[in-house]
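Residue numbers (the working numbering), protein chains in the order written: chain A, 1 to 157; chain B, 1 to 236.
Please note that a few of the clues may not be correct.
To be verified - Far from chain B by the CB rule (all over 12 Å, computed), these chain A residues:
id, residue
1, Asp-38
2, Leu-73
3, Val-93
4, Thr-100
What the hints assert, rightly or not - If you want the footprint, here are the derived chain B segments under chain A, 3+ residues with CB under 8 Å:
id, stretch
5, 64 to 76
6, 164 to 177
If you're looking for bench data, these hints aren't it; they were derived computationally from the structure.
None of these values were measured; they are calculated from a predicted model.
For every residue, glycine included, the Cβ atom is placed at its ideal position computed from N, Cα and C.
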Amino acid sequence: MRRRLLLIVSSVLLLAACESYDCTLYNYVGCYGTFYQDDAMVSLNDTLTITAGQSGPVLLNKAVGTSKLNVPLSYWQEEDTLVLTVKGEYNLVQDTIWITKSNQVHYESPDCPTTLFHTIQGVRSTHEFIDSINIIRSSVNYEKTDNMQIHLFSATD
Amino acid sequence: MKRPTICRFICSLLLISLTCFTLQAQDEKKKEDKAPLFCGVAVSADIVGFAMKAVDAKFANMEVGARVNLYDKFFPVAELGIGDSHREGAETGNTFSTTSPYMRFGMDYNFNKKHNGNRLFGVFRYGFSSFKYDIANETFADPIYGTTSPLEINGEKATGHWLEFGVGVETKLWKFIRLGWSARYKFRLSLKSPDGGEPYFIPGYGKNDTNGWGGTVNIIFDVGKGSFNFKKKDKS
Numbered sequence: 001m002r003r004r005l006l007l008i009v010s011s012v013l014l015l016a017a018c019e020s021y022d023c024t025l026y027n028y029v030g031c032y033g034t035f036y037q038d039d040a041m042v043s044l045n046d047t048l049t050i051t052a053g054q055s056g057p058v059l060l061n062k063a064v065g066t067s068k069l070n071v072p073l074s075y076w077q078e079e080d081t082l083v084l085t086v087k088g089e090y091n092l093v094q095d096t097i098w099i100t101k102s103n104q105v106h107y108e109s110p111d112c113p114t115t116l117f118h119t120i121q122g123v124r125s126t127h128e129f130i131d132s133i134n135i136i137r138s139s140v141n142y143e144k145t146d147n148m149q150i151h152l153f154s155a156t157d
Numbered sequence: 001m002k003r004p005t006i007c008r009f010i011c012s013l014l015l016i017s018l019t020c021f022t023l024q025a026q027d028e029k030k031k032e033d034k035a036p037l038f039c040g041v042a043v044s045a046d047i048v049g050f051a052m053k054a055v056d057a058k059f060a061n062m063e064v065g066a067r068v069n070l071y072d073k074f075f076p077v078a079e080l081g082i083g084d085s086h087r088e089g090a091e092t093g094n095t096f097s098t099t100s101p102y103m104r105f106g107m108d109y110n111f112n113k114k115h116n117g118n119r120l121f122g123v124f125r126y127g128f129s130s131f132k133y134d135i136a137n138e139t140f141a142d143p144i145y146g147t148t149s150p151l152e153i154n155g156e157k158a159t160g161h162w163l164e165f166g167v168g169v170e171t172k173l174w175k176f177i178r179l180g181w182s183a184r185y186k187f188r189l190s191l192k193s194p195d196g197g198e199p200y201f202i203p204g205y206g207k208n209d210t211n212g213w214g215g216t217v218n219i220i221f222d223v224g225k226g227s228f229n230f231k232k233k234d235k236s
């Protein structure tokens, strides 16, 4: 009888001692966009480099055949500056995108990494090769769907 | 013709008397077994919560309770406590802290038909807590942009509602002092919290999840007829 009782108590204590961490597995927060030209999705033939400002960290380095972009936004800045440099064999064009946003802390638990979600409030850019930018989803969170449509100037321009 | 009639009459009387005597005996037995409507009141304290607080566990629910004993079978219960959690993530540096009150209401049902001082309960509770919590991280850094900015969010408000079902046992230690154990399955009915993040811990419920297990070890001070074996007392 005592052994049984001891077994039950031990089992309960072992069960109570177990703890699982239910952190989100895919916890990358990024701003997604797709390049369009003449209302059709397009891939850039030249290399694309994206930096945060002129001297900030490199967010995308010399990607080739890019049709979609995916960049992390800053945690605390109210406006992020993305410099897009498209470099071909004979040409180099550069555009700057300014993304105005609000930042929201996303906390799961003490054991899971805290991150920030964002709400895009506005986007503007220079117009070297970017014609216009449409915001199609303002929430920047764990979802991997497009936030922006980046329309490039027509090939005939 | 007369003799059989008299004999039948006498037999009938004997049968009726025997039946009445049997019924009376049964009634007396029932009277002995049946507990009165009001059998007393009891106050209790869950010693697990206080022990968890003493050993600096991740969280602790320190509570006291009061209940009424009806027929030694139904025990309407109210429990009032303070949920306390101060937790720091091992690798993240995130901290969560709250110290807030909670309440539970419900009923215990005693399955033990014998009034021998031991009880086997079915446990049902509804609980709720309206609480505030703080989140902080002193070394919170943006991994891409490289900026470090301490994170400190204080006074986030949340409200949780939940139900508990379980079983419990209770035994007499000495006179009016009892010791009770209960194991409870809990499931969350609702939780209202800010968009920024749900709380790690709900006072009275435990670690925030859709369901979970909990338990209590209670010291109970049982005052009233229910604390004694009233069957024997009635006989005397």
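> Which of the listed hints are not met by the structure?
Replying inline: 2, 5 and 6
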